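For chain X, the structure is supplied; the task is to place chain C on it using the hints.
These protein sequence lines map, in sequence, to chains X and C. Residue numbering for the first sequence follows my numbering, starting at 1 and increasing by one per position. Residue numbering for the second sequence follows my numbering, starting at 1001 and increasing by one per position.
If you're looking for bench data, these hints aren't it; they were derived computationally from the structure. This structure is a prediction, so every number in the text was calculated from the model and none was measured. It is possible that some hints are incorrect.
[Unchecked claim] Residues from chain X shown here face chain C by an in silico Cβ test under 10 Å; the list is partial:
#1 T60
#2 L62
#3 D63
#4 L239
#5 A247
#6 A276
#7 L277
[Unchecked claim] With a straight-line Cα cutoff of 20 Å, these simulated SDA-like cross-link-like pairs (lysine to any residue) come out:
#8 C/K1328 with C/L1156
#9 C/K1386 with C/V1306
#10 C/K1386 with C/R1153
#11 X/K29 with C/H1223
#12 X/K328 with X/A382
#13 X/K29 with C/S1224
#14 C/K1328 with C/M1383
#15 X/K29 with X/K386
#16 C/K1328 with C/A1313
#17 X/K29 with X/P379
#18 X/K328 with X/G235
#19 X/K29 with C/N1221
#20 X/K386 with X/L28
#21 X/K328 with X/A313
#22 C/K1328 with C/R1153
#23 X/K328 with X/L95
#24 C/K1386 with C/I1375
#25 C/K1029 with X/N221
#26 X/K328 with X/A317
#27 C/K1029 with X/A13
#28 C/K1029 with X/P379
#29 X/K328 with X/V98
#30 C/K1029 with X/S224
#31 X/K29 with C/P1219
Beta carbons: idealized from backbone N, C-alpha and C, even for Gly.
Protein chains: 2
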Amino acid sequence: MHETGAILLTLFAIFVAAQIGAEIAQRLKLPGVVGEIVAGCAIGPSALGWIQPSQIAAGTPLDVLAEIGVVLLLFSVGLETRLDDLKKVGRSAFLVGVLGVIIPFALGSLWAHGNGFDWTKSLFVAAAFVATSAGITARVLQELGVLGRIEARVILGAAVIDDILAMLLLGVVTSLQAGGGVNFGSLLFVLVQAVGFVVVIGWVGTRVMRQRAHWLDQPINPHSALTIALAICLGLAYLSTEFGLAAIIGAFLAGMIASEMHQREELEHQMQPLLALLTPFFFVVTGAKIELAVFAQPAALWMLLVVTVIAIASKLAGGFLGALSLGKRSALIVGVGMVPRGEVGVVIASLGLVAGVFSNEIYAVIVAMSLLTSIVTPPVLAMLLKHQQDEHIGTPSA
Amino acid sequence: MHETGAILLTLFAIFVAAQIGAEIAQRLKLPGVVGEIVAGCAIGPSALGWIQPSQIAAGTPLDVLAEIGVVLLLFSVGLETRLDDLKKVGRSAFLVGVLGVIIPFALGSLWAHGNGFDWTKSLFVAAAFVATSAGITARVLQELGVLGRIEARVILGAAVIDDILAMLLLGVVTSLQAGGGVNFGSLLFVLVQAVGFVVVIGWVGTRVMRQRAHWLDQPINPHSALTIALAICLGLAYLSTEFGLAAIIGAFLAGMIASEMHQREELEHQMQPLLALLTPFFFVVTGAKIELAVFAQPAALWMLLVVTVIAIASKLAGGFLGALSLGKRSALIVGVGMVPRGEVGVVIASLGLVAGVFSNEIYAVIVAMSLLTSIVTPPVLAMLLKHQQDEHIGTPSA
Chain X
1 MHETGAILLT LFAIFVAAQI GAEIAQRLKL PGVVGEIVAG CAIGPSALGW
51 IQPSQIAAGT PLDVLAEIGV VLLLFSVGLE TRLDDLKKVG RSAFLVGVLG
101 VIIPFALGSL WAHGNGFDWT KSLFVAAAFV ATSAGITARV LQELGVLGRI
151 EARVILGAAV IDDILAMLLL GVVTSLQAGG GVNFGSLLFV LVQAVGFVVV
201 IGWVGTRVMR QRAHWLDQPI NPHSALTIAL AICLGLAYLS TEFGLAAIIG
251 AFLAGMIASE MHQREELEHQ MQPLLALLTP FFFVVTGAKI ELAVFAQPAA
301 LWMLLVVTVI AIASKLAGGF LGALSLGKRS ALIVGVGMVP RGEVGVVIAS
351 LGLVAGVFSN EIYAVIVAMS LLTSIVTPPV LAMLLKHQQD EHIGTPSA
Chain C
1001 MHETGAILLT LFAIFVAAQI GAEIAQRLKL PGVVGEIVAG CAIGPSALGW
1051 IQPSQIAAGT PLDVLAEIGV VLLLFSVGLE TRLDDLKKVG RSAFLVGVLG
1101 VIIPFALGSL WAHGNGFDWT KSLFVAAAFV ATSAGITARV LQELGVLGRI
1151 EARVILGAAV IDDILAMLLL GVVTSLQAGG GVNFGSLLFV LVQAVGFVVV
1201 IGWVGTRVMR QRAHWLDQPI NPHSALTIAL AICLGLAYLS TEFGLAAIIG
1251 AFLAGMIASE MHQREELEHQ MQPLLALLTP FFFVVTGAKI ELAVFAQPAA
1301 LWMLLVVTVI AIASKLAGGF LGALSLGKRS ALIVGVGMVP RGEVGVVIAS
1351 LGLVAGVFSN EIYAVIVAMS LLTSIVTPPV LAMLLKHQQD EHIGTPSA
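So here's chain X without its partners, still in its complex pose (with noise of 0.2 Å):
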């Protein structure tokens, strides 16, 4: 019984304290993922010590259902993508996405490695430095109400491939990185096996989806299309994990899945409570692994500061260059939008911290960074926005 109350007033101090972290970081106009990171910080070992550091190593339960949380997170970034609108985005938002990683993937293990990591470690930290937060971003474009617009439509569609990149890319730095040096015969087989799981899963996957959605309709339990879809969910996320990437690809492979289910829209709104209880976990357990003690060093504060001017810069120039036929100033909204890192930079710095390639001080620096990212993307983009449709007033926006 007591240790039944123990785990339950956990789970309570971290669940109001997201809702705290996020409620202050909204009023602020930041995405409430900041407040929750910051919470989980201000609960964490580093600062008031509701959190014990022995409660959040790998396999305890927290650390289970931060998991679960970041899966059925993915899951749902992957319900909003189908296959078909990776395709009508388009040049530009293919330009976007791939300059928006490659740039940022360069800059960043340049860096790394001039920071006197090896090669296969560099490319990992540089891993961190890519992934787009398709959630913020997203968030930020329907809070400001312009998620119509065409810049709002290349930044999403930009998202999504550089989130399959990133992915791809975590997949074969974490391969790179649990079996050893530079092999480029191992790189090329990495690198097959995980294109090959996700065009495999992705492509048949979607296509059985289609001609046999009929078959969900079958079973009894009016929630089968959940059920099914979470079900598959969990298989993937673990199926992903025997070919040696992230759970977190083969969840959002299951949303793509899910997403040419013609439940997908009572799917979407099914998956809210879910995470509205689980991902705190995931974000507050993240940011209770941050050891404030290293920013006491100026050094690990001018590391941050480096970073962040890396991470923002690259992507700017990665996003505007891919989106110049669009003209200057929407490039601009374009390269800005990009900016966010978020839940995908934190898993990648998680994954490295666990794989023993981050330091503590590494790690701190990277969630900050992608904290940074995201605090300082959404009033510049917002004004951005409100100063081309001052000046376009009268004109229709495309």
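Showing chain C alone in chain X's frame:
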């Protein structure tokens, strides 16, 4: 990465087994919960061994997930229970509820004491005879489309009173068990404390929620009603363990408080996906704890038969006597409707196992009894209701 894979595989196996079990049960016209428990039994240590005993011990991730599942389940039961509804159903429901607790509790403790338990433990065993499953009963009535009938209202009202009395009883016997022998002073103290907690939280919480519900609209978060309700659920679940009561009592009270929110219907809706994901872990883990080997002994099988007969007869008698004012046939319907034990009986058996009161044999017997009462009731109830409908043809039902 591999640890993540292992836990994801277990989660996947449990979730899929639960869905298959529930689907088969429902096709056999049985409550889905029966199938989930049987599925747990099948993949548990007794049979397939996909779940190891060490994975479901107290404090493990699966145990915590199961706990969250049952806490959410009782929260949602509370959500369907308004304080005012408890008053409306009136005298019949109250009589049915009280007699339906006293008679099984008396017969159960006599049986347990006759089987060599001391009185404290006998009362604990008897508590597992008491609780009607509001969930199973309601689901059966809903499937039959008779929720509007007078017998259905009495059954539901009585089931709620029954649930509260059973929970109080559980709190009392748990505290007694923890504190040692039967001390009437401490019994009174425990009783006052338990009743005080329930009354204060239930009454004051409900009142505050009625008058201050507009506070819930203050946060920016669009899901604030849900997150606040979940926070109250986790908080009261924890608090009730501090009062020596089971976590589910606090969760139930939280649900009753939340039922006063004007977002109640939306909440009921939002709870569905949460229950769909998390309650299977409770029922499967429950089933996995049954040691099938126990029933290889004729003595245990005989005990199961005796316990099930006592459980059915005592509840039937309580319901029948309590509802006699409705006429004999209606009273019989009410009596039968009260027979299914479910979640709560199983929860009490689990608590008894953890507290060391129940042997594996008696645990298996109690859980199997809960299963059997849930299995036999639906067909009998359907028959009685159908029969009466035929008799009353042309007469509008009250």
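Consistency of the hints with the structure:
1. Annotation: interface hint on X/T60 holds; nearest CB of chain C at approximately 7 Å, less than 10 Å.
2. Because the smallest distance between the Cβ of X/L62 and any Cβ of chain C comes to about 8 Å, under 10 Å, the interface hint for this residue holds.
3. Below 10 Å, beta-carbon pairs count as interface contacts, and X/D63 has one with chain C at about 8 Å; its hint therefore holds.
4. For X/L239, the suggested interface contact is upheld, since its CB lies about 9 Å from the closest CB of chain C, less than 10 Å.
5. Satisfaction of the interface hint for X/A247 is found here, the shortest Cβ-Cβ separation to chain C being roughly 6 Å, below the 10 Å cut-off.
6. Hint on X/A276 holds. Least Cβ distance to chain C is approximately 5 Å, under the 10 Å limit.
7. For X/L277, the shortest C-beta to C-beta distance to chain C is roughly 6 Å, which falls under 10 Å, so the interface hint holds.
8. Taking the CA atoms of C/K1328 and C/L1156, the gap is about 18 Å. The hint holds against a cut of 20 Å.
9. Taken as a hint, the C/K1386 and C/V1306 pair is broken in the structure, with Cα atoms around 30 Å apart against an allowance of 20 Å.
10. Note on C/K1386 and C/R1153: the hinted pairing holds, with a Cα-Cα distance of about 17 Å set against a maximum of 20 Å.
11. Between the alpha carbons of X/K29 and C/H1223 the distance comes to roughly 17 Å, so the proposed pair stays at or under 20 Å and holds.
12. Distance restraint check for X/K328 and X/A382: the Cα-Cα separation of roughly 17 Å lies within the 20 Å cut-off, and the hinted pair is therefore satisfied.
13. For the hint pairing X/K29 with C/S1224, the CA-to-CA distance comes to about 17 Å; that is within 20 Å, so the pair holds.
14. Proximity of C/K1328 to C/M1383 is assessed by CA-CA distance (about 16 Å); at most 20 Å being required, the pair is judged to hold.
15. For the given pair, X/K29 sits about 15 Å from X/K386 by alpha-carbon distance, which is consistent with the 20 Å threshold.
16. The suggested pairing of C/K1328 with C/A1313 holds, with an alpha-carbon distance near 16 Å, which does not exceed 20 Å.
17. For the hint pairing X/K29 with X/P379, the CA-to-CA distance comes to about 8 Å; that is within 20 Å, so the pair holds.
18. A distance of roughly 45 Å separates the Cα atoms of X/K328 and X/G235; the hinted pair therefore is violated under the 20 Å criterion.
19. Restraint check: the Cα-Cα separation between X/K29 and C/N1221 comes to about 12 Å, which is no more than 20 Å; the hinted pair holds.
20. Taken as a hint, the X/K386 and X/L28 pair is honoured in the structure, with Cα atoms around 18 Å apart against an allowance of 20 Å.
21. Taking the CA atoms of X/K328 and X/A313, the gap is about 16 Å. The hint holds against a cut of 20 Å.
22. Note on C/K1328 and C/R1153: the hinted pairing holds, with a Cα-Cα distance of about 17 Å set against a maximum of 20 Å.
23. For the suggested pair X/K328 and X/L95, the alpha carbons sit about 15 Å apart, so the restraint of at most 20 Å is met.
24. Between the alpha carbons of C/K1386 and C/I1375 the distance comes to roughly 18 Å, so the proposed pair stays at or under 20 Å and holds.
25. At most 20 Å may separate the alpha-carbon atoms for a hinted pair to count; C/K1029 and X/N221 meet this at roughly 12 Å.
26. Taking the CA atoms of X/K328 and X/A317, the gap is near 12 Å; set against the 20 Å cutoff, the hint holds.
27. For a cut-off of 20 Å, the pair hint linking C/K1029 to X/A13 is broken: about 42 Å separates their Cα positions.
28. Of the supplied pair hints, the one linking C/K1029 and X/P379 is violated, its CA atoms being roughly 57 Å apart against a limit of 20 Å.
29. The straight-line distance between the Cα atoms of X/K328 and X/V98 is roughly 19 Å, inside the 20 Å bound, and the hint therefore holds.
30. A C-alpha spacing of about 17 Å is found between C/K1029 and X/S224, which places the hinted pair at or below 20 Å, so the restraint holds.
31. The hinted pair formed by X/K29 and C/P1219 meets the criterion: a straight-line CA distance of about 13 Å does not exceed 20 Å.
Hint violations for this structure: numbers 9, 18, 27 and 28, all remaining hints satisfied.
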